[in-house]
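Model the placement of chain B on the given structure of chain A, informed by the hints.
Here is what each chain is made of, one letter per residue.
Protein chains: 2
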Amino acid sequence: MIGARVPCLLALLMFFFARPATGGAGESSFKYQQVARQLLAAGMKDGESFSLLRELTSTVGSRLSGSPGAAKAVELVRRMLMKRGFDNVHLEPVMVPHWVRGPVESAVALPSRKGKPISLAICALGGSIATPNAGITAEVVEVKSFDDLHRMGERARGKIVFFNRPMDPTKLNTFEAYSGAVDQRSAGAVEAALAGGVAALVRSMTLALDNVPHTGVMGYRDSVARVPAAAVSTMGAETLARLLREDRHLKVHITLSCRTLPDVQSANVMGEIRGSASPEEIIVVGGHLDSWDKGVGAHDDGSGCVQAIEVLNLIRKLNLRPKRTIRAVLFMNEENGNRGGRGYVTAPGRSAEKQYAAIESDRGGFDPRGFSVQADSTVFTRTLAWQDCFDLLEAGKIARGFSGVDIFPTVEKGVPGFGLDVDSQRYFDYHHSNNDTLDKVNPRELEMGAIVEALLCYLISEEGL
Amino acid sequence: MIGARVPCLLALLMFFFARPATGGAGESSFKYQQVARQLLAAGMKDGESFSLLRELTSTVGSRLSGSPGAAKAVELVRRMLMKRGFDNVHLEPVMVPHWVRGPVESAVALPSRKGKPISLAICALGGSIATPNAGITAEVVEVKSFDDLHRMGERARGKIVFFNRPMDPTKLNTFEAYSGAVDQRSAGAVEAALAGGVAALVRSMTLALDNVPHTGVMGYRDSVARVPAAAVSTMGAETLARLLREDRHLKVHITLSCRTLPDVQSANVMGEIRGSASPEEIIVVGGHLDSWDKGVGAHDDGSGCVQAIEVLNLIRKLNLRPKRTIRAVLFMNEENGNRGGRGYVTAPGRSAEKQYAAIESDRGGFDPRGFSVQADSTVFTRTLAWQDCFDLLEAGKIARGFSGVDIFPTVEKGVPGFGLDVDSQRYFDYHHSNNDTLDKVNPRELEMGAIVEALLCYLISEEGL
Numbered sequence: 001m002i003g004a005r006v007p008c009l010l011a012l013l014m015f016f017f018a019r020p021a022t023g024g025a026g027e028s029s030f031k032y033q034q035v036a037r038q039l040l041a042a043g044m045k046d047g048e049s050f051s052l053l054r055e056l057t058s059t060v061g062s063r064l065s066g067s068p069g070a071a072k073a074v075e076l077v078r079r080m081l082m083k084r085g086f087d088n089v090h091l092e093p094v095m096v097p098h099w100v101r102g103p104v105e106s107a108v109a110l111p112s113r114k115g116k117p118i119s120l121a122i123c124a125l126g127g128s129i130a131t132p133n134a135g136i137t138a139e140v141v142e143v144k145s146f147d148d149l150h151r152m153g154e155r156a157r158g159k160i161v162f163f164n165r166p167m168d169p170t171k172l173n174t175f176e177a178y179s180g181a182v183d184q185r186s187a188g189a190v191e192a193a194l195a196g197g198v199a200a201l202v203r204s205m206t207l208a209l210d211n212v213p214h215t216g217v218m219g220y221r222d223s224v225a226r227v228p229a230a231a232v233s234t235m236g237a238e239t240l241a242r243l244l245r246e247d248r249h250l251k252v253h254i255t256l257s258c259r260t261l262p263d264v265q266s267a268n269v270m271g272e273i274r275g276s277a278s279p280e281e282i283i284v285v286g287g288h289l290d291s292w293d294k295g296v297g298a299h300d301d302g303s304g305c306v307q308a309i310e311v312l313n314l315i316r317k318l319n320l321r322p323k324r325t326i327r328a329v330l331f332m333n334e335e336n337g338n339r340g341g342r343g344y345v346t347a348p349g350r351s352a353e354k355q356y357a358a359i360e361s362d363r364g365g366f367d368p369r370g371f372s373v374q375a376d377s378t379v380f381t382r383t384l385a386w387q388d389c390f391d392l393l394e395a396g397k398i399a400r401g402f403s404g405v406d407i408f409p410t411v412e413k414g415v416p417g418f419g420l421d422v423d424s425q426r427y428f429d430y431h432h433s434n435n436d437t438l439d440k441v442n443p444r445e446l447e448m449g450a451i452v453e454a455l456l457c458y459l460i461s462e463e464g465l
Numbered sequence: 466m467i468g469a470r471v472p473c474l475l476a477l478l479m480f481f482f483a484r485p486a487t488g489g490a491g492e493s494s495f496k497y498q499q500v501a502r503q504l505l506a507a508g509m510k511d512g513e514s515f516s517l518l519r520e521l522t523s524t525v526g527s528r529l530s531g532s533p534g535a536a537k538a539v540e541l542v543r544r545m546l547m548k549r550g551f552d553n554v555h556l557e558p559v560m561v562p563h564w565v566r567g568p569v570e571s572a573v574a575l576p577s578r579k580g581k582p583i584s585l586a587i588c589a590l591g592g593s594i595a596t597p598n599a600g601i602t603a604e605v606v607e608v609k610s611f612d613d614l615h616r617m618g619e620r621a622r623g624k625i626v627f628f629n630r631p632m633d634p635t636k637l638n639t640f641e642a643y644s645g646a647v648d649q650r651s652a653g654a655v656e657a658a659l660a661g662g663v664a665a666l667v668r669s670m671t672l673a674l675d676n677v678p679h680t681g682v683m684g685y686r687d688s689v690a691r692v693p694a695a696a697v698s699t700m701g702a703e704t705l706a707r708l709l710r711e712d713r714h715l716k717v718h719i720t721l722s723c724r725t726l727p728d729v730q731s732a733n734v735m736g737e738i739r740g741s742a743s744p745e746e747i748i749v750v751g752g753h754l755d756s757w758d759k760g761v762g763a764h765d766d767g768s769g770c771v772q773a774i775e776v777l778n779l780i781r782k783l784n785l786r787p788k789r790t791i792r793a794v795l796f797m798n799e800e801n802g803n804r805g806g807r808g809y810v811t812a813p814g815r816s817a818e819k820q821y822a823a824i825e826s827d828r829g830g831f832d833p834r835g836f837s838v839q840a841d842s843t844v845f846t847r848t849l850a851w852q853d854c855f856d857l858l859e860a861g862k863i864a865r866g867f868s869g870v871d872i873f874p875t876v877e878k879g880v881p882g883f884g885l886d887v888d889s890q891r892y893f894d895y896h897h898s899n900n901d902t903l904d905k906v907n908p909r910e911l912e913m914g915a916i917v918e919a920l921l922c923y924l925i926s927e928e929g930l
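Just so you know, the sequences run in chain order A and B.
Heads up: the first sequence begins at 1 in our numbering, then just goes up one per residue.
Heads up: the second sequence begins at 466 in our numbering, then just goes up one per residue.
Only chain A is shown next, with the shape it has when bound in the complex (with noise of 0.2 Å):
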């Protein structure tokens, strides 16, 4: 787009791009619309989301559960809450998995006839057992569902089974794509040990086509053999299904060396600022301090803990004095256990206390649309009022949604939840692999999703729900 170097161009950019009133508002709405405006001011100008980001990233870096680097980033974001001076700044243990991937990941496609061997980009899949020191080579059948597996009958036995069901392209929002494909990687290594199969190997949860591997989080079934499971690469993926069309007898030679060690006492972190009103009313903003242990967990989702911690920020920086306490809640354990989420509703105290509402940021520090609401209709029509001020965040899209899995046992106990909404189209492409990292994020996508938590938070301490 060209500089309005010609002046009634840049009349004309002006004029055009002056926002249209919101029509027909009433003065409470008046008043937070002002909120909405001076919150977008002070985030925009003087934000602090990046430089916590920043500082996350670069001074611990990826924090999985029980990892040294989870325990310095509960430490780190405690002294960031401490800084600031907020109130009720404490840890609230929790017992967290402590899974380690060990330093060999390897595989390589054998070729039963000619041609050289060929390295596959792989990674283990959170949980996975190891291979023998040896690995494990066998051939491979190529399946795109449970069911074309079980039809497979005897085939599988003693084979990799071989998951390559893309995400849907087609879904406009990722996440539905990801929801229909991630059986694979989670109920993977069961429907192969099920099948007999020696080794599961997933393609990558992503829609970009690299060489990039991407982990997360699988299970075994206590009454099932335990197989190895890693995810491929989508390009490894592409180029496995090429050669076992050309060659049906090609093997694959897979080898990790991860394992799952003792439990770790790890931590929930948290710092408020305590409700001038009804202090006992508590609305929880939060993420996961946790991530995995590929890239940095810039998007997956130090953005969410920032954006905490900065929500708080926000609220004070406009000495709003919100009327119910706002909490920010930094989740340990979200991508393999969530203990942090369970365990902040049966923590000690926490029965004296009424959660009022919670808040989650965990799809990545994007652009934010607007928000989902997980409660009855009462409450989601109560929201749908607040429109107009999320409008003038462009953010107004309000509907009925999952909220997130660290507020999940919240919610699950009858507590509003909302998560935040954000566009959805490049999460994927980072997550849960080396490329979630902090030139992903886009300083100002990620301040202003810390700037719609702060209206809702603040909308929700006065007018209640």
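Source of the hints: derived by calculation from the structure; they are not laboratory data.
Predicted model, so just to flag it, every value in this text is computed and none were measured.
Ideal Cβ positions, reconstructed from N, Cα and C, are used throughout, including at glycine.
Please note: incorrect hints may appear among the correct ones.
[Claimed, not checked] Below, in silico cross-link-like pairs of lysine-lysine (DSS-like), each with a Cα-Cα straight-line distance of 25 Å or less: (1) A:K317 - B:K636; (2) B:K905 - B:K636; (3) A:K171 - B:K716; (4) B:K609 - B:K636; (5) B:K579 - B:K788; (6) A:K171 - B:K609; (7) B:K496 - B:K716; (8) B:K862 - A:K397; (9) A:K31 - B:K636; (10) B:K636 - A:K144; (11) B:K905 - A:K440; (12) B:K636 - A:K397; (13) B:K862 - B:K636; (14) B:K636 - A:K171; (15) A:K171 - B:K782; (16) B:K609 - A:K45; (17) A:K72 - A:K45; (18) A:K45 - B:K636; (19) A:K171 - B:K862.
[Stated by the list, open to error] Below, a sample of chain A positions facing chain B; criterion: calculated Cβ distance under 10 Å: (20) K45; (21) R259; (22) P262.
Then chain B, alone, in the frame of chain A:
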């Protein structure tokens, strides 16, 4: 965000991401909603936008008017359109300016007392004259506005005028922030010369703080002396401002070797799908094929160009057979002259056609939010009736506003204009700089723009305005 390991969570995710049905849609609307869904599926599954953009940016690169790159681009997109068998593929010649950057552009801050020279990252503004070969060395006055400069009186005489007003970060729409700062770039040289200054140094038009200068067009006035003009990176601007606070007699040495050569013949490139009922009624969908010589113009405006081609691809793939002609126009010379936009209106044969509507994408290949309408209220109201279809694409923001520079000469003649509205947060991080490269474009976001434009073209074609 977690993988839905726990089956109940998976079910929840799937349940909650199900889209609510759009209520109350009439029959005709239902038909177009179906088209919207089909366009989405076709584009997201097999869309060509990104591969076309890769081809344009990798085989051609930058495409400044009059450059060999621009000539190659004209030929490449002509072939792209021919190869796909679209109707009436041809070039329409236009004469364009031919400004070249030359081999040298540098700036060094020279402390008046002690200290080493400090290099500043600069680039010539498009249209600037060169400095003398030996460069210009002068003291610097920093201003935030033309008013500042006017108040300075004689103090600017013989100095380099440093325009350092940042884009306003508190504007949510970054184009507003751009409009509020770009006078410094477009008219800074004239204002500097009027104040007796010897050169203009302008803070880059970006909200990012980095060391990459952003070029863009500037102008001279016939009655005013011509002085060289360059952009300095935002980090360079911050450094220079700091140095000036410490050392009022600091000098800067600037060397530029740019110059303007005689005009060159170039062309607009076009191809179309001929209308089945009213072929003489033309719906233009376009972008501009020229770019600045920094980066490869991936967002500005390679995106708009490939989207225009993709609109034709999608409409043909769906075998929609539009009533009116849909014409992709790749305009030449938007950046520094708009000769293509103006030439389109006056080209031979144009008077035999009826230009029915014009659509432009020139705000980067980001996720679409909707579109702006530059037309009378009857047309605007008509397009509002289509909102349910665009809501399905999460691009339902329809607002009156500027459409686009290339189509402005057409719109000025009373033709309804439409501008693809996209998420604006990242655009100026890349705009007119070495940052504007293919890796900054997300394939899905880019394709979504084409899908939204295709739907708009089709609705206009079938329903009329």
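Against the structure, the hints:
no., hint, in the structure
1, A:K317 - B:K636, "19 Å, holds"
2, B:K905 - B:K636, "22 Å, holds"
3, A:K171 - B:K716, "57 Å, violated"
4, B:K609 - B:K636, "18 Å, holds"
5, B:K579 - B:K788, "73 Å, violated"
6, A:K171 - B:K609, "47 Å, violated"
7, B:K496 - B:K716, "67 Å, violated"
8, B:K862 - A:K397, "11 Å, holds"
9, A:K31 - B:K636, "20 Å, holds"
10, B:K636 - A:K144, "47 Å, violated"
11, B:K905 - A:K440, "10 Å, holds"
12, B:K636 - A:K397, "20 Å, holds"
13, B:K862 - B:K636, "18 Å, holds"
14, B:K636 - A:K171, "32 Å, violated"
15, A:K171 - B:K782, "19 Å, holds"
16, B:K609 - A:K45, "17 Å, holds"
17, A:K72 - A:K45, "30 Å, violated"
18, A:K45 - B:K636, "10 Å, holds"
19, A:K171 - B:K862, "20 Å, holds"
20, K45, "5 Å, holds"
21, R259, "19 Å, violated"
22, P262, "21 Å, violated"
Hint compliance for this structure: hints 3, 5, 6, 7, 10, 14, 17, 21 and 22 are not met, and every other hint is.
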